[in-house]
Amino acid sequence: MDYFLELLCSGLTRGSIYALIALGYTMVYGIIQLINFAHGEIYMIGAFVALIVSGVLTIYGFSGFSILVLAGLIAMIYAAAYGYTLEKIAYQPLRNAPRLSPLISAIGASLFLQNYVLLAQTPDFLPFPELIPEFAFMEPVAHIMGSSELVILVTSAISMVVLTLLIKYTRIGKAMRATQQDMVMARLVGINVDRVISVTFIIGSVLAAIGGVLVGSYIGQINFYIGFMAGVKAFTAAVLGGIGNIPGAALGGLVLGLAESMAAGYISSAYEDVFAFGVLVLILILRPAGLLGKAVKQKV
Amino acid sequence: MAEAAAKLLEVRELTMDFGGLRAVDSVTLEVCENEIVALIGPNGAGKTTFFNCVTGIYKPTRGEILVHPPNGQSRKINGMKPNRVTEIGMARTFQNIRLFQNMTVLENVMIGRHCRTNTSILGAILRSPKVLGEERETVEKGYSLLEKVGLADVADEFAKNLPYGAQRRLEIARAMATDPFLLLLDEPAAGMNPQETKELDELIVRIGKEEGIAILLIEHDMKLVMNISERIYVMEYGKKIAQGSPQEIRTNPKVIEAYLGEGGDDA
Amino acid sequence: MFNVLKRSVLVALWFVFLTFPLMVVKVNTLKNIVEWRWLNMLWVFIVAFFLHLFWRWALDKRQLRSKKAELEDEGLMAPTLGQRILQDPRLYRPLLGVLAAVAILFPWILDVYQVNIMVLALIFVVLGLGLNITVGLAGLLDLGYVAFFAVGAYSYALIHQHFPVLGFWACLPIGGLIGALFGVVLGFPILRLRGDYLAIVTLGFGSIAKIVIENWEEVTNGAKGIANIPRPGFFGMEMSIGAATTYTYYLMILMVIFTIFVTNRLKDSRIGRAWMALREDEIACVAMGVDMARTKLSAYALGAFWAGAVGVIFAARNTYINPNSFTFMESAIVLSIVVLGGMGSIVGVIIAALILILMPEYLRAFADYRMLVFGAVMVLMMIFRPQGLIANVRKTYAHRRPAAEENNG
Amino acid sequence: ADTFKIGVAGPHTGDLAPYGIPTKEAAMMLAEQVNAAGGLLGKKVEVIPMDDQCKPEIATNAATKLVSEGARIVIGHVCSGATKAALGIYKEAKVIAISPSATNPPLTQSGDYPNFYRTIASDDMQGKLAADFVTGKLGAKRIAIIHDKGDYGKGFADFAKKFIEEGGKAEVVMYEGITPGAMDYSAVIQKVRRVKADAVIFGGYHPEASKLVAQLKKKRVKAAFVGPDGIKGDGFLEIAGKKAEGVYATGPMDVTKYEENKKARAAYVKKYGKEPGTFFDQGYAAMQAALAAIKAAGGTDYAALEKALRNNYVDTAVGRIKFDAKGDAEGVGFSVYQVQNGKFVEL
Amino acid sequence: MLKVNSINTFYGNIQALKGVSLEVHEGEIVTLIGANGAGKTTTLMSLCGIVPPRSGEILFQGKPIHGLPGDKIVELGVIQVPEGRRIFPNMTVLENLEMGAYLRKNKLLIKQDLNMVMDLFPILAQRRNQLGGTLSGGEQQMLAISRALMARPRLLLLDEPSLGLAPIIIQQIFDIIRKINRENNTTIFLVEQNANQALKLAHRGYVMENGRITLADSAANLLTNEEVKTAYLGI
Ligand SMILES: Nc1ncnc2c1ncn2[C@@H]1O[C@H](COP(=O)(O)OP(=O)(O)OP(=O)(O)O)[C@@H](O)[C@H]1O
Ligand SMILES: Nc1ncnc2c1ncn2[C@@H]1O[C@H](COP(=O)(O)OP(=O)(O)OP(=O)(O)O)[C@@H](O)[C@H]1O
Ligand SMILES: CC(C)C[C@H](N)C(=O)O
Ligand SMILES: [Mg+2]
Ligand SMILES: [Mg+2]
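Respectively, the protein sequence lines represent chains A, B, C, D and E. Positions 9 to 308 (my numbering) are the ones given, in order, by the first sequence. Positions 107 to 373 (my numbering) are the ones given, in order, by the second sequence. Positions 1343 to 1751 (my numbering) are the ones given, in order, by the third sequence. Positions 105 to 451 (my numbering) are the ones given, in order, by the fourth sequence. Positions 2 to 236 (my numbering) are the ones given, in order, by the fifth sequence.
For reference, chain A alone in the conformation it holds in the complex:
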């Protein structure tokens, strides 16, 4: 039983990180039907900025909690700035291009950002400071769920709830939904579509940065390449949940994380990814539009 709980917890932790990154994927996809392959790189950059900021702050004598908050905030700001700029350069000029062109542009951008960080910083792995303290009260269950895991779960849950509320009830949220459903009509009711798209990238990037900081301090190391795997998994999660669907992305992330964790725990971690994609294929065969995607019969 303990073993199951342990796997459950590790699956949920991993899954909620996937979910955080998947949200950015799904939101961007929802709005401009683009698979933003460079999204994982934003996550990586977020983590890097946090690392650099916390390094500098430590040297200048800050400590503990203030570092976590400041590093997190600055990482979010920078991720947002990168996300925004990425959209302006690599995607906006392709708004009316054939479907696959922005995808290729995204792959190019992803390569560029990876190598940019490689050159500007280092190809090596860097130690990421442990920004999340060990809570004493967690000690009795530490072998099942540690403090970092708790923080990850809580933070991502809060982020997701906030995002859902934001989209459901705020003006910009409504504008996002409208743009998602019909871009021309959105403009006809007076929505500045370009701004909405920028905001979407910014929100997605901020979530990715949160993910980056959490993962960084959870596993304690980052390098320029961590965005690739995370990106692929998050994309898988987004599709699993029904791409374009926000609760779907969250659910997809969790399901994927759990599937991987259970597969690794009960079968073999060598085939972890095979199971992850296997689950994806299986679910899509049963529900071709993902877990929460509406399997609408196409109206003709």
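Derived by calculation from the structure, the hints in this document are not laboratory data. Everything numeric in this text was worked out from a predicted model, so none of it was measured. Ideal Cβ positions, reconstructed from N, Cα and C, are used throughout, including at glycine. Careful, some of the hints might be misleading.
Here are some of the chain A residues that sit facing chain D, going by a computed Cβ distance under 7 angstroms [claimed, not checked]:
no., residue
1, R22
2, H151
3, T172
4, Y233
Below, a list of computed lysine-lysine pairs in the DSS-like style, where the Cα atoms sit at most 27 angstroms apart [claimed, not checked]:
no., chain 1, residue 1, chain 2, residue 2
5, C, K1403, E, K19
6, D, K321, C, K1373
7, D, K411, C, K1373
8, E, K230, B, K304
9, A, K176, E, K106
10, C, K1373, D, K375
11, E, K201, B, K304
12, A, K176, E, K108
13, B, K329, A, K302
14, D, K411, D, K198
15, C, K1373, D, K367
16, E, K73, A, K96
17, E, K230, B, K329
18, D, K447, C, K1373
19, C, K1348, A, K96
20, E, K19, B, K266
21, E, K230, A, K176
Mind docking chains B, C, D and E with the ligands on chain A? Use the hints.
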């Protein structure tokens, strides 16, 4: 009514549910040889859904769809794949035009010939005389159809560059290329002006009479409907509420209330 | 003018801000030292400033060009130079001749290195043409194409190990067929999926293929890979590497020609039209009597066939294979070749493959900046040629059907 | 030619770049030093870096390119796979390849590649050492073996497994591959706890090792952790930090005591302001061996170089070495280390 | 109120409008008729800034609005009911209506207008929580018009409101257009295929062919014009 003509399509008690919504509710309908039959009704009555069931795009919840091809075996086609239905000999057009936009006009029609030809992959690579002959035949047939609908001189144009009315006619030509015995047209006159509608009117009649293809037609343009159809079915909220000759329908109070309104046919 | 400069300054400042933490700061958390590389800031400013000026200029030019095009002939798109050449036999025949001559003389003019990378580029030309069937013609987005390539390569390596009697020439078609078989097998479960769902599942298949190769050590030798794979043979002749490379080069040229020949014929046939119709509108296509399952599977199978066949050549060229050659990056590159070339356009695919595969080689001069530049060029090429290098506009079906009809009827 | 061209091939971009770049830097640094001191035999040394991304097909490109540019000695390649793909080309062109990191045993043991040398020991030797250490000195009875599925990591793990099973003193209770780059390894860690292993042998590199070590600590699993030389370096100490305490690693006998090594590292830190990365020592040593061989051979004649490499001892960053008939470095011995107070200490 | 001076509009390299000029006065209903593909929809899209004209000028209440982004034009009160209705399919009827008032801030007035349109189309009140995509064609058209009214249009642009609707609904829609014009004093620019009905409703009319305005006259005159009769009225 078509006197003692053979039935081609026989639909019994067809029902189609979407979740909780019953879009088509026990509709019974038939089409005989050489007939032009219209299916009318308010928006959302379930007409298009009916078409979708008959052509295999949806699998109906209940009911029976029987076809009796003029020179073939009668069979039940519930839930049959759309391409099989087309192969049997029923072809359709779409309410929202669905052409192959980035293919030429001629190619669009040639796709219609797909199920009547059988060049294989190997054949396509080797291009034996038989294959070449088939290809030539496809082109010729395509041309003659385009001529019939008046599109022969834009054969090499991309479908997306055609004006709307021409696109509608291309859809009809494409459907006819499958050699159907029954043609199902979903609002062919939508978005056309009266002049274009008149031309369409003539085209449909010509197809019906000269080619001997039976026609089942959904349309909101009452002038067209009353002009060309021999029988009319009326649906509302998924149910069939009336059927009869244009004259009967025009004066049916139920239909007037639900659909035509006062002075209906001048619309 | 002043405004333009001001904008560029602002943009440059934005980039200075953007790159500040990564370009300027470098911390060593172990020793607690921060290195401030202020000079980088200046560089970023200067580079961003000039790039932005250039960017504006290029975008303006692009607009101007499209404006000019529309004045020239109203309605239809003015054919680009590329298309014009392709359409006019008087232009393309001599060009083809020159090309053929260059292709034949190539190994005699240039050194082994050039021939060797050209072989690789030609391999990717075939991959591009193969994927072009699946993605360009049939519109089925495939992000795991490399799986079929791997299948082909391993088929040859393993067949050679276990049945040495079957040489390269027997394996070439076998590799293709096994690839096609995998195409059908993988295509089956995902017939119902659309668009981007397809993309991720195929991406998944791609990674699964790699993981299986890595882990299934008894058969594939895992990460150790398989060494000593024989190069293509020529009646058992012993060849030096130079000669073997040249020989492989000619083999690839033939392979490319064969692929073009076959794909062209397919594209122009009943099957090819069905693929395109499927790409344009699945529902209408099915309603017009096209069997979706069969059409889709044939597109997968034929796409995979080329990957499998050319995988055999790939294994023979390298003489050694391991899973590292079959990552998502390779799939992405092949897809980029198809899109960049202009979906469905054969000439475009060839040019794009040559660019994308040869570019990193020629960018070796940039050393460390090589992949950075490569990524940037990919983005730029898409922005400035969103339709691809050679758009597959009316080229294929422009041959005049009426003429054909008159002649034969 | 008026320069000696030495190729340095390995992954300089892509996910494996961290294993290729340190060697490149080492070679360039050495060349600079030599050139600043007036060159070698009166000629300058020119280093030609070639990225191969650890992909066989690119490795063949890189190899042909190096050959056509006139390199007579290549430092590399870094990955065994890429090395195998490239060696055929070097063999024919009579180019010598000295790899800092390709550890796959058959590269030297098969005899297929007479032009191949390496400054690192092959996987089987360490596997044996690790197995003996764990079952002997540590007295472990239940051993979990984890590897990264790569040829190096898995190779080491496989040998360790083989020797443990042959030794019969302990039981391998878990044998599992992990995916490098995966977000975390907590599921595998839980498995280690479940099988009640008292030692973990890991085959792979330091990024995965430090993740594992950190998570073992976090999950309060108290098994001893033993890795190969892939983790024995400052990279591991840096990333794993305090969590590295007590971890064991096999590796070449303490090289930091060698003068050459101290010099090399000091120079590197001075130049780049950071600790050198993985395979720096071996890369540096390979370049030193190459330069010494050229000097001894009085040029780049293949036979002469071969003779020099096989017969002359050279002081390098990994000690005083020469190469045996198969191409393995003699003098690169192994010992077991433990992290104590943030340093690897030879046991 | 609206003055369009020889605008030229392109889709990529295809010129859809060739020197179109027209005027709409305060309080009028003006109709634009023409065959398929004549460029009517394009005209409206040019007015709204969705497909901005390459050259020429558009003045609204004397001020140039060509080149303004779409949202700024909406802010001025130029509101379009687009061809094909374009209901937000996954928003409820109520949310669709609220989107119509996206740029307005005054909650009270919005509430008032909500009641107003629900009075105008009682069916919408019944369906307020149904998803827009599941409405029938006629309901969607009513919703589209209501959504536009929620923006308090000064100039209401209607693109083929009768497209694909049952005869009985068409009558209703035209009645309501007349009502909006009379009671709210909203200026209306109506694009129609259904020339007969449109001309009966409008004060003035323009005829468009191949991207050019070919006729401009009072509606009554156009109704009796021989060319119009044969080409567009099908008589
Ligand atoms: N795929 C679907 N999923 C859910 N509901 C559907 C679907 N297709 C149709 N409907 C619903 O079924 C009902 C009938 O729709 P249908 O399109 O058949 O109407 P119609 O008679 O063709 O109307 P119109 O004249 O406007 O075209 C409508 O309420 C519609 O919303
Ligand atoms: N998005 C587009 N891209 C390219 N061409 C277009 C586009 N939309 C319209 N066109 C072309 O512009 C011309 C005018 O089209 P428009 O839609 O304005 O006509 P319309 O008068 O509204 O016709 P309808 O009665 O069919 O609605 C047509 O030739 C059409 O093919
Ligand atoms: C960089 C590493 C993957 C190299 C490894 N030692 C090998 O033999 O391939
Ligand atoms: Mg309908
Ligand atoms: Mg229109």
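- What hint numbers does the structure not satisfy? 3, 7, 13 and 21
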